[in-house]
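In short: position in the sequence shown from 1, add 300, done, that's the numbering used here.
None of the hints are false.
Below, computed lysine-lysine pairings styled on BS3-like, alpha-carbon distance capped at 25 Å: (1) Lys494 - Lys478; (2) Lys329 - Lys356; (3) Lys367 - Lys326; (4) Lys708 - Lys652; (5) Lys708 - Lys596; (6) Lys631 - Lys573; (7) Lys793 - Lys734; (8) Lys728 - Lys793; (9) Lys652 - Lys684; (10) Lys534 - Lys494; (11) Lys433 - Lys467; (12) Lys696 - Lys657; (13) Lys501 - Lys534; (14) Lys625 - Lys580; (15) Lys738 - Lys793; (16) Lys643 - Lys654.
So the derived label-pair ranges between C-beta atoms look like this: (17) Glu640 - Glu786: 32 to 42 Å; (18) Val691 - Lys562: 55 to 65 Å; (19) Gly528 - Asp359: 46 to 56 Å; (20) Val691 - Gln607: 39 to 49 Å.
It should be emphasised that the hints constitute simulated quantities derived from the structure, not laboratory data. Backbone N, C-alpha and C fix where the C-beta goes; we use that ideal spot for every residue, glycine too.
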Amino acid sequence: MGDFEKLLQETTPLRELKRGNVVRCKVVKVEDKLIYVDLGYKVEGIIPREELPEVKPGDEIKAVILKFSRGGSPILSYKKYIESKLYALLKTAKEKNKLITGTVLSAEKDGYWVDISGLRAFLPVADAAKGLKVGKKVVANVQELQETGNGLVVRLSQKEYIKSIEKKRAEEVIENIKVGDILEAKVIKVDPEKGITLLIKGALRVFVPVEEISWNKNADVSRLVKLGQRLNVKIKRIPKDKQFVFASIRETQEHPWERAKKTIYKGATLQVKVLEHLEKGLLLSVMEGVEGFVPKDEISYDGTIPQKGSKVNALVLEFDPERRKLVLSLKRLLPKPWEEYLKLNPAGTRIKGKVFKIEGSKAFVELTSGVQGVIQRSDISWIKSVKIEDVLELNKEYEFMVLGLDGKYVKLGVKQLSENPLDLIFKKYKVGDKVTLKVKAIHSFGAFLQFEEGLDGLLPISEIPKGTKLQEKQEVEVRIIELSQEKITLSMKEAEPQEETSTSSGDKGFTLGDLFKKIKI
301 MGDFEKLLQE
311 TTPLRELKRG
321 NVVRCKVVKV
331 EDKLIYVDLG
341 YKVEGIIPRE
351 ELPEVKPGDE
361 IKAVILKFSR
371 GGSPILSYKK
381 YIESKLYALL
391 KTAKEKNKLI
401 TGTVLSAEKD
411 GYWVDISGLR
421 AFLPVADAAK
431 GLKVGKKVVA
441 NVQELQETGN
451 GLVVRLSQKE
461 YIKSIEKKRA
471 EEVIENIKVG
481 DILEAKVIKV
491 DPEKGITLLI
501 KGALRVFVPV
511 EEISWNKNAD
521 VSRLVKLGQR
531 LNVKIKRIPK
541 DKQFVFASIR
551 ETQEHPWERA
561 KKTIYKGATL
571 QVKVLEHLEK
581 GLLLSVMEGV
591 EGFVPKDEIS
601 YDGTIPQKGS
611 KVNALVLEFD
621 PERRKLVLSL
631 KRLLPKPWEE
641 YLKLNPAGTR
651 IKGKVFKIEG
661 SKAFVELTSG
671 VQGVIQRSDI
681 SWIKSVKIED
691 VLELNKEYEF
701 MVLGLDGKYV
711 KLGVKQLSEN
721 PLDLIFKKYK
731 VGDKVTLKVK
741 AIHSFGAFLQ
751 FEEGLDGLLP
761 ISEIPKGTKL
771 QEKQEVEVRI
781 IELSQEKITL
791 SMKEAEPQEE
801 TSTSSGDKGF
811 TLGDLFKKIK
821 I
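Build the full structure now, drawing on both the sequences and the hints.
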């Protein structure tokens, strides 16, 4: 037995100083590693300095006797005293999920050390509120409580406390808002497929579905909004349980079709973007939230279709903002292929093409992609009685002469490839000349005789001697009594005085056109 223990036996009951006892003592000396305290006896007790880093001489504290040194000095622990005092309190707090308070002692990379009435507890960063600093008060739950050989291990968490605070603040916010309110909110989560979550007044969570973010249904959500961005939202729906508030961003902005009224009108030229290739045409993006449609036959002249995503110019054909209708044309802003063709092949140019359709008194010719030609019957032959089918066949290629434009068609001719027979007749014959011609057709008003140049002359019944009977293919000697662009008149009679031959009475007064109409040639 040591001298100190003997002295204790002599001066005080041993039951007052033994292992586990809590004693009141006074700090008498503080060294680097040890603190010496007066227990009220002639021998001082010892406490590790690390347990009371802030203590100074004269301070009165309580501690637990852990053991006695070989020299008989009591070894005490302030930490054990605190732990024994707080254990029951912390255990109850953990079991009943009650909140406790403390003060941040220090901050480390993975968490904070918190002082709870002298006991050091650890608060991980993941479980702590943001912005904690040394000296700041902490309210938390006891997440872990263990007794070890080195004392109590206490781990704290502020998660539930934070949730409760947020819930309370959210309840306060939601009580003061209503459907239709426009409020500022901060983006805290972005889901490009579903929508975005925002925080109003740092407390109330609201959700904006992807279709309520932008008037443009094809917009890229990840490009429109960013985490931390502050946006205005319009409250759309508050459920009865007030747990999931729905909002809209696009409804805080002017409706696109209303905005479109300011810049879009029939006849306007717009720069647009190709969104989709549809069976009946193209879907175009005109501006955010405004789409237009291009019918298939308004895309291009040659069947070319612009790529998806490309930017093109479009002409407004129809604009009805009330019905959300916008019809556009691309090809009407493009050079007309037939006009471009005519620039390269002006009137008088010889070209080749394939006949693809004969319809009535017209024939249609394929020239190049998107360019077609048309031939009227009157341009087929210098001989008026010739039909289109007599000269042209379907699906055959021919040479034609460009005459100009006929609407969206290049006007073509065949007869223009050769000299006008009437011009040849004017060069070869004159009024009064005698010629031998073959009878082509006989009618009640006379007969038609054919020149070798291919044109017909009229032999009126009045110019046929009485008693003369003509037959088709019969060769007859006649005299030219009239020669003009309109008609060629013939006579089998001998020459008469000028005043008689120049009369306009009788059958000689008919033009070739009049006679053609009469016999329906």
